[in-house]
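> Residue-level listing of the chains:
Number of protein chains: 2
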Amino acid sequence: MPVQFADRMSTVHRSFIREILKVTQDQSIISFAGGLPNPELFPVADLKAAAVDVMQEAGPQSMQYSTTEGFEPLRQYIADRYKKVKGIDVSADEILITSGSQQCLDLLGKVFLNSGDNVLIERPGYLGAIQSFSMFQSNFLTVGLEEDGPDLTELEKLLNENESKIFYAVTNFQNPSGLTYSPEKRQGVADLLRGRDILFVEDDPYGELRFMGESYQPVVRGYLKENGILLGSFSKVAAPGFRLGWMVCSGEMRDKMIIAKQASDLHTSTFAQRVIHRYVTDNSLDEHIEKIRARYGSQRDVMVKAIEAHFPEEVKVTRPEGGMFLWATLPESMSSMDLFDEAIKNKVAFVPGRPFYVDGSGENTFRLNFSNADEASIEEGIKRLGDGIKDFLSR
Amino acid sequence: MPVQFADRMSTVHRSFIREILKVTQDQSIISFAGGLPNPELFPVADLKAAAVDVMQEAGPQSMQYSTTEGFEPLRQYIADRYKKVKGIDVSADEILITSGSQQCLDLLGKVFLNSGDNVLIERPGYLGAIQSFSMFQSNFLTVGLEEDGPDLTELEKLLNENESKIFYAVTNFQNPSGLTYSPEKRQGVADLLRGRDILFVEDDPYGELRFMGESYQPVVRGYLKENGILLGSFSKVAAPGFRLGWMVCSGEMRDKMIIAKQASDLHTSTFAQRVIHRYVTDNSLDEHIEKIRARYGSQRDVMVKAIEAHFPEEVKVTRPEGGMFLWATLPESMSSMDLFDEAIKNKVAFVPGRPFYVDGSGENTFRLNFSNADEASIEEGIKRLGDGIKDFLSR
Chain F
1 MPVQFADRMS TVHRSFIREI LKVTQDQSII SFAGGLPNPE LFPVADLKAA
51 AVDVMQEAGP QSMQYSTTEG FEPLRQYIAD RYKKVKGIDV SADEILITSG
101 SQQCLDLLGK VFLNSGDNVL IERPGYLGAI QSFSMFQSNF LTVGLEEDGP
151 DLTELEKLLN ENESKIFYAV TNFQNPSGLT YSPEKRQGVA DLLRGRDILF
201 VEDDPYGELR FMGESYQPVV RGYLKENGIL LGSFSKVAAP GFRLGWMVCS
251 GEMRDKMIIA KQASDLHTST FAQRVIHRYV TDNSLDEHIE KIRARYGSQR
301 DVMVKAIEAH FPEEVKVTRP EGGMFLWATL PESMSSMDLF DEAIKNKVAF
351 VPGRPFYVDG SGENTFRLNF SNADEASIEE GIKRLGDGIK DFLSR
Chain X
1 MPVQFADRMS TVHRSFIREI LKVTQDQSII SFAGGLPNPE LFPVADLKAA
51 AVDVMQEAGP QSMQYSTTEG FEPLRQYIAD RYKKVKGIDV SADEILITSG
101 SQQCLDLLGK VFLNSGDNVL IERPGYLGAI QSFSMFQSNF LTVGLEEDGP
151 DLTELEKLLN ENESKIFYAV TNFQNPSGLT YSPEKRQGVA DLLRGRDILF
201 VEDDPYGELR FMGESYQPVV RGYLKENGIL LGSFSKVAAP GFRLGWMVCS
251 GEMRDKMIIA KQASDLHTST FAQRVIHRYV TDNSLDEHIE KIRARYGSQR
301 DVMVKAIEAH FPEEVKVTRP EGGMFLWATL PESMSSMDLF DEAIKNKVAF
351 VPGRPFYVDG SGENTFRLNF SNADEASIEE GIKRLGDGIK DFLSR
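In order, the protein sequence lines correspond to chains F and X.
Numbering-wise (full-length UniProt numbering), the first sequence opens with residue 1 and increments by one.
Numbering-wise (full-length UniProt numbering), the second sequence opens with residue 1 and increments by one.
Think of the hints as simulated: they come from the structure by calculation, not from any bench.
Among these hints, one or two may not hold up.
Just so you know, same-sequence chains aren't split out, so a pair can sit in one copy or run between any two.
Capping the alpha-carbon separation at 30 Å, the derived lysine-lysine pairs in DSSO-like fashion look like this [claimed, not checked]:
hint	residue 1	residue 2
1	22	256
2	345	86
3	157	48
4	305	345
5	256	316
6	84	383
7	83	390
8	291	157
9	316	305
10	390	345
11	48	86
12	48	291
13	225	305
14	345	84
15	383	347
16	84	256
The structure displayed is predicted, hence computed values, not measured ones.
Chain F with its partners taken away, still in its complex shape (with noise of 0.2 Å):
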């Protein structure tokens, strides 16, 4: 006889981006449906130069076991970047170094929720955060997201109506839609949550991946003094393949994640945090930072461009200034999960919005990734998908 699985498991499934990823192995299909950074651009020379000083300095305590909080010297740099980047002030104990930022989501889960505790999300919203936070069997209340951030009136509605252990946002360049909080609705966010028992977890993987325009403080430290929580990742700005996130926290909450995550992981490896540490203190991060923006910045110009060019008026897509996504809606009565089956067959990809909705909307959007193709392809493929749903639209 079978083992009976727990209850938390009947109310997840496989990633169904995961799924979509596999029918778009086929060489031939042009895919803007994964969300990978373009390996092109990881610094592989200079981290090799990091892993072999990291071996012949340091070869032992580089494979050794270590502290739970994370190896000291990278949460140093971290906290000074926080400092020299954005403003605010971070200290290394308020670091704790993750398996990637994906395992913050996890540790959030087990410190604060209890199955059946809310969980206030964007609408769309990251389909990690939902995956992460079903296993705890959280209840999803939704925010609509609008050009500049969350539509105010709504959030204030659900936290005045609703009890809610956290607010999860993706403030820059948010996964899937690409949208940024303006400082007004940074600031509106803060007053809304000031003084509440609500923790905001503010995620920013994308924030250093700006094209154009300013960068804004982050909500939290920078608008909001209390109850929050800061996610960082070095996947999207170095390489995501040695699963190096953290969290910022402090006090009980960060002695908690500490438990946690020991009880999860031990710690994360040693030895990848000593080589991205020493990466980052050889080289200069700004720099490398650099040429992925003049790239994705040129890639999703061409996307932008092809857009206008081939996709009709009906369809609106958001015009991010940074990060890796576009966000298309297609008329209301348009279904982007019939359009992604045609779309196959004229090989191309993308992702259909309806799983960045917990409450069933999104029929009519789609996610388009612009970081991972080159230029003559995003042209090809965007043309392919405007031949698409002018097919669909002429019906």
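Let chain F serve as the given structure and place chain X on it in line with the hints.
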């Protein structure tokens, strides 16, 4: 107002061992408290060569996101090694690569444990498992360990009188006791479990570290064909700092594990997986393990001999044929916590046994690690400890 923590956090605490290890940071203390492999034995040069080769030959791929299951060639290597070393059939598709084998425990909890579910563990039991399952608010039942494995009469009674989801066991050179299940006990456990709705989770991080005597087949797949999961790790045979472990399981169970793993950290470091794969491909892991065996075996012999010379007869100590630990039992009336305080004054440390017992017993036991101290320190440390024990007994 601070946000309320989840209920599960009220039952788990910072690792006791972690706190003890802080006390033993003092360089003048000879510590048998840790559970660390000897870093002098890490194959630094070979791992460095492997890292360089991976970065030269598959740089971008080794730094990109990858599949949740893990790097296929590494899974194939592990499957082949099971056949070669343990004589059991495992396919690459049954291996799930994890971020250390500690993560296997977290995934098991996620996939199987509802709050209040019974989990059967050994008495004494592995602390990492107690911590990890505690996060799922499990209720622990314990079966006592005899010299050759669990007390089968007690096990049968426990199985008859309670429904448990999981029986978690370390069958070779257990942490903390150093004890190993005999073939008869393996058969006995399998016979008792067969046909019941209970999952046997066999953790085997130390199995290959055998200094003398013969190895036995795992219970899972060797003696028990159903409802078994095997856990493994590169931490003790290569290096722990890469955080690479794995789980052997199949069918729907594996599908659920992949969902849980994806929600937990997406996947384990692509780079770490490829480096370890390259290392085991270009080098003989068998030869390397032979070096570890020789060194640990000799350290174990020195510790056993020193114990025979310096401990009073009333103290019983296990004589394991492998692994990293000895287990000591003081006379009933003595507390190893009290001895610990005294020992620290004499500049020697160990881990008191009580944390390994969820039922509050074990007051008179303690764990000694022999893998991470040189032979002169072992001789001197055991002498100091023996003197402390004699002082106590003469009071």
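> Any of the earlier hints contradicted here, and which numbers?
Structure breaks hints 2, 3, 5, 6, 7, 8, 13 and 14.
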